[in-house]
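Trainee: The primary structure of each chain is shown beneath.
There are 2 protein chains.
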Amino acid sequence: MALTLAQLNAAPEAEALHLLDGLYEHSPWIAEKALAARPFASLAQLKHAMVQVLAAADRAAQVALVCAHPELAGKAMEAGRLTAESTTEQKAAGLTQCLPAELQRIRELNAAYLAKFGFPFVLAVRGPRGTGLAKQVILATYERRLLNHPDFELAEALRNIHRIAEIRLNDLFGYQPELGNLVWDWQEALSVHTDPGYAELGQLTVTYLTDAHRACAARIAADMRGCGFDEVAIDAVGNVVGRYFGTTPDAKYLMTGSHYDTVRNGGKYDGRLGIFVPMACVRELSRQGRRLPFGFEVVGFAEEEGQRYKATFLGSGALIGHFDPAWLEQQDADGITMRAAMAHAGLKPEDIPAIRRDPAAYLGFVEVHIEQGPVLNELDLPLGIVTSINGSVRYVGEVFGMASHAGTTPMDRRRDAATAVAELALYVERRAAQDGDSVGTMGMLQVPNGSINVVPGACRFSLDLRAPVNNQRDALADDVLGELRAICERRGLRCTLEETMRAAAAPSAPAWQQRWERAVSALGVPLYRMPSGAGHDAMKLHEVMPQAMLFVRGLNSGISHNPLESTTNDDMQLAVDAFLHLLNDLATEAR
Amino acid sequence: MALTLAQLNAAPEAEALHLLDGLYEHSPWIAEKALAARPFASLAQLKHAMVQVLAAADRAAQVALVCAHPELAGKAMEAGRLTAESTTEQKAAGLTQCLPAELQRIRELNAAYLAKFGFPFVLAVRGPRGTGLAKQVILATYERRLLNHPDFELAEALRNIHRIAEIRLNDLFGYQPELGNLVWDWQEALSVHTDPGYAELGQLTVTYLTDAHRACAARIAADMRGCGFDEVAIDAVGNVVGRYFGTTPDAKYLMTGSHYDTVRNGGKYDGRLGIFVPMACVRELSRQGRRLPFGFEVVGFAEEEGQRYKATFLGSGALIGHFDPAWLEQQDADGITMRAAMAHAGLKPEDIPAIRRDPAAYLGFVEVHIEQGPVLNELDLPLGIVTSINGSVRYVGEVFGMASHAGTTPMDRRRDAATAVAELALYVERRAAQDGDSVGTMGMLQVPNGSINVVPGACRFSLDLRAPVNNQRDALADDVLGELRAICERRGLRCTLEETMRAAAAPSAPAWQQRWERAVSALGVPLYRMPSGAGHDAMKLHEVMPQAMLFVRGLNSGISHNPLESTTNDDMQLAVDAFLHLLNDLATEAR
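Sequences listed follow chains E and X, in order. For the first sequence, the numbering used here begins at 1 and goes up steadily by one. For the second sequence, the numbering used here begins at 592 and goes up steadily by one.
Any given hint could be a false lead.
Between beta-carbon pairs, the in silico distance windows are [claimed, not checked]:
hint, chain 1, residue 1, chain 2, residue 2, range
1, X, 792, E, 475, 46 to 52 Å
2, E, 475, X, 1112, 56 to 62 Å
3, E, 337, X, 793, 42 to 48 Å
To give an idea of the interface, some chain X residues facing chain E are shown, with a C-beta separation under 10 Å as derived from the structure [claimed, not checked]:
hint, residue
4, 1001
5, 1002
6, 1004
7, 1009
8, 1012
9, 1029
10, 1031
11, 1033
12, 1036
13, 1042
14, 1045
15, 1047
The hints are simulated quantities; they were obtained by calculation from the structure and are not laboratory data. None of these values were measured; they are calculated from a predicted model. The C-beta atom is built at its ideal place from N, Cα and C for all residues, glycine as well.
Construct the complete structure from the given sequences, taking the supplied hints into account.
Mentor: This is the structure:
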């Protein structure tokens, strides 16, 4: 009954077009142009071909496509004039059963959206397993997207249209991303655990060794056992460690994993995706009864975010011997020491030194992580190859000028601390952009006790500078600091600057990066190489063994450390597929 | 015994130079060059000639002059190697009787200052009537000036050297600025009254109708009576009104005055100088038994600063019928209504309408005020002619972008609200400077809840734009708002902007401005015309009669609304002299 790729690839052009009917609302031209790229090796490749067609179209054609979509819960739905596909989707989200007040609100939002942007609001409302977005989420998304810039919103509408097409295409091919759905379900189940105080707010917060954190560890351990791991244990810092033995007891191990703690009011995929994706691989290997010529160790790291205590990377750090016993006396906001928290969790700090790994026993470390940035989302690419975890340096500073009367101090006699910092902010923006892959951010900026009628006598700021290699980061920092000095000299100001953090870059091991590249290419997904701007557990393992990371696209501009962090079951499936490919590849090499 | 200007003007060159020996420490070249400008019509003219010589000298000569000065309480003092003049001055400040710990601290500060700037710390420590600065003030000045930029500090040292020379010159000519000293004493006596809570901190705060405020009114009224005013009364809003009758009962009046309330922790000259300077004139007229062909009305306005209640210009506003009875129900921070405060002070709000003046009964309004800005101080000029009280407009705004991860969001995919505001800040600075006499200030600037590793998703700011005429202000505002829109459009951001205040410009009446100009020129002081960036009581009177203002130099870069606000008895004397000249001029015109 369902279509196959072989059929599609073999069909005459008109028939092939007919087979793809209805993917893009009233817009067969997209499929038509994409079909020129036949044969397709994978659904992912077909999907991407259509993405490329739309990206190459002019703005008028893009807007026309958006306009071809019905409003959510709009007149077309009421009049029964929706396409079959749209009917299914709007029904899944419960939009066909709105209360009158809900309908009224949606109509107001539809009108406001149309008035601002000139095209209707398009949102992929259907989720995995035929579920739909909750009406509250839909309403909140309306409100949020109404604030966007028109250019951004057009791109966001097109991204949603591609997601709608992807789901319709899966239906057409009778395809279910089963392991992606499994990962999805694990994610959902794990995210019910949240620290006291946040549960009431509906927020996800899991900090080191709270009851919710312990519940997460127990849940992951139980799910690991369900996957067929040979050995599952919670170690002395709270890492959940699952081992899937190799064909021989003396085989080296491949280590993977990521963290299961979260920031306060964070997203559910940050860290956890890197535990569940390899778990799904083990489940698949186990289901097939396959053993690899190497052991596979999946670690759910207990702590990476540094939310409860000032120490970060407690989980991965402990595996390379970086646990400082002095940390045990650190207190959280309630005065509970780490030592007391560990005792409460039944962990024995004295056992921590023993969990340090012998690098000689490992092939290397790989980590899957949600991108936490907008790049893959904007490029409509599901996966990205990490080339390096950026080195970074952070500063906090303050420029001091002369506070003076805003009315009586002529422009040429001012010593305005804020305009000096403004100059620096723009320099950082320009200078970081020059490198292409450096980033520079002034995240904190404030005139302390500023008044509307006083020329700022002081201005505080922070700097966060990152680059894929240390030399590049240092050159950036040198230039920025030099510019700060030059600005202060030119404007007759003084400044203070304190370096608060410095982390070395962790370039991917070429052989391991290439394994990810081969895996992604094999899926028919275009290769995209990018640095990781954020720090990850892989940075720690990098110090003792080769490592490389794979990024998974995040929706909503890749927002992270935020409840809006999101990805799809289809992208999760691609991550599992890529990981399985890497394991197979490595198995072939080992033989 | 004392030298006269006539002697100096007539003396052969070498003798003249000898007469001026010791004015500038070990640096006779300054007097020598200045003498080329003989004859001098006034001491002020001679002083300014020397200022000009030093201003024209190159930096090396300026630094050499500073280096010719002994350190305060330094080795030269201990070894008895100071010049006679320096000995007198250091003694007046009690530096010859320092405790060992004080000496030690001063030596440390001397060393730190010399190390930073390469020249010794120079401070005019001798005040009026042979008094000296308190040691605490000297130490605080050291600490403050150590933070200055070297260019600024060289200029500040030269200004102090000019002040030292001025005092030495007065000694040489046996000249005492008697009316300036009188104003000085009145200022000092008035500043002992301060609101509860501020007295303990040694801070000056006098807000509307507090006990300290009433004590000030009583004190000013008493001093007015002592000057020979014919009529002194406190009116229904608390203004202290003194009238010095003209030669005929039906003569029109010239009104002058300024406010006696202060901001919190303010300076002692802001407002009050404009009451005391004309009081000194009346005292002089009365002493001479002179009557003018017009009446002279000096008003100490009760309220201008808007500190206790939200209404401002209560004193001058009431005289033009701008007292809104609704204000009576406003509450201060302690919940005391203005009505209750007036009752406590014995004032009757029902009498306020009756104090409205009939403009036909007045020639005009003039006001003396400390500059509250750096211009005269930097130009080494004692007096300035106000051309207009600037029109102003204020806004508060916020730019919204997209908060995102500082590490993972590439530079070309950011929607950074703070760099957008930084662009605006620099545009405001550049655009206001273009006009020459406009000013534009972003006094408040903040990334709300900014984090070091988050690209700012929002940035709040304020704008304060002023110009001497309304059209110029409006053109400035149009350009700034247009630039804000363009920045947001280009960067894909949105913004909000709220106008919070708009005040019309009050250009000086040409005839009255010319009277001030003639008065200042007659003193041998160079004319300097400038707009007033700050609002003044004259803005209110401007609505019903011609007005013009005279500015008096403020020390410490003209700092105001600050305890460091300061001026000298010599400058106060020049203000009194100028005012007397204006009165005489007007009397001549009237006859």
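Trainee: Are the hints correct? Go through all of them and say.
Mentor: Hint-by-hint comparison with the structure:
{"no.": "1", "hint": "X:792 x E:475: 46 to 52 Å", "verdict": "holds (50 Å)"}
{"no.": "2", "hint": "E:475 x X:1112: 56 to 62 Å", "verdict": "holds (60 Å)"}
{"no.": "3", "hint": "E:337 x X:793: 42 to 48 Å", "verdict": "holds (45 Å)"}
{"no.": "4", "hint": "1001", "verdict": "holds (6 Å)"}
{"no.": "5", "hint": "1002", "verdict": "holds (4 Å)"}
{"no.": "6", "hint": "1004", "verdict": "holds (5 Å)"}
{"no.": "7", "hint": "1009", "verdict": "holds (5 Å)"}
{"no.": "8", "hint": "1012", "verdict": "holds (8 Å)"}
{"no.": "9", "hint": "1029", "verdict": "holds (8 Å)"}
{"no.": "10", "hint": "1031", "verdict": "holds (7 Å)"}
{"no.": "11", "hint": "1033", "verdict": "holds (6 Å)"}
{"no.": "12", "hint": "1036", "verdict": "holds (5 Å)"}
{"no.": "13", "hint": "1042", "verdict": "holds (5 Å)"}
{"no.": "14", "hint": "1045", "verdict": "holds (5 Å)"}
{"no.": "15", "hint": "1047", "verdict": "holds (6 Å)"}
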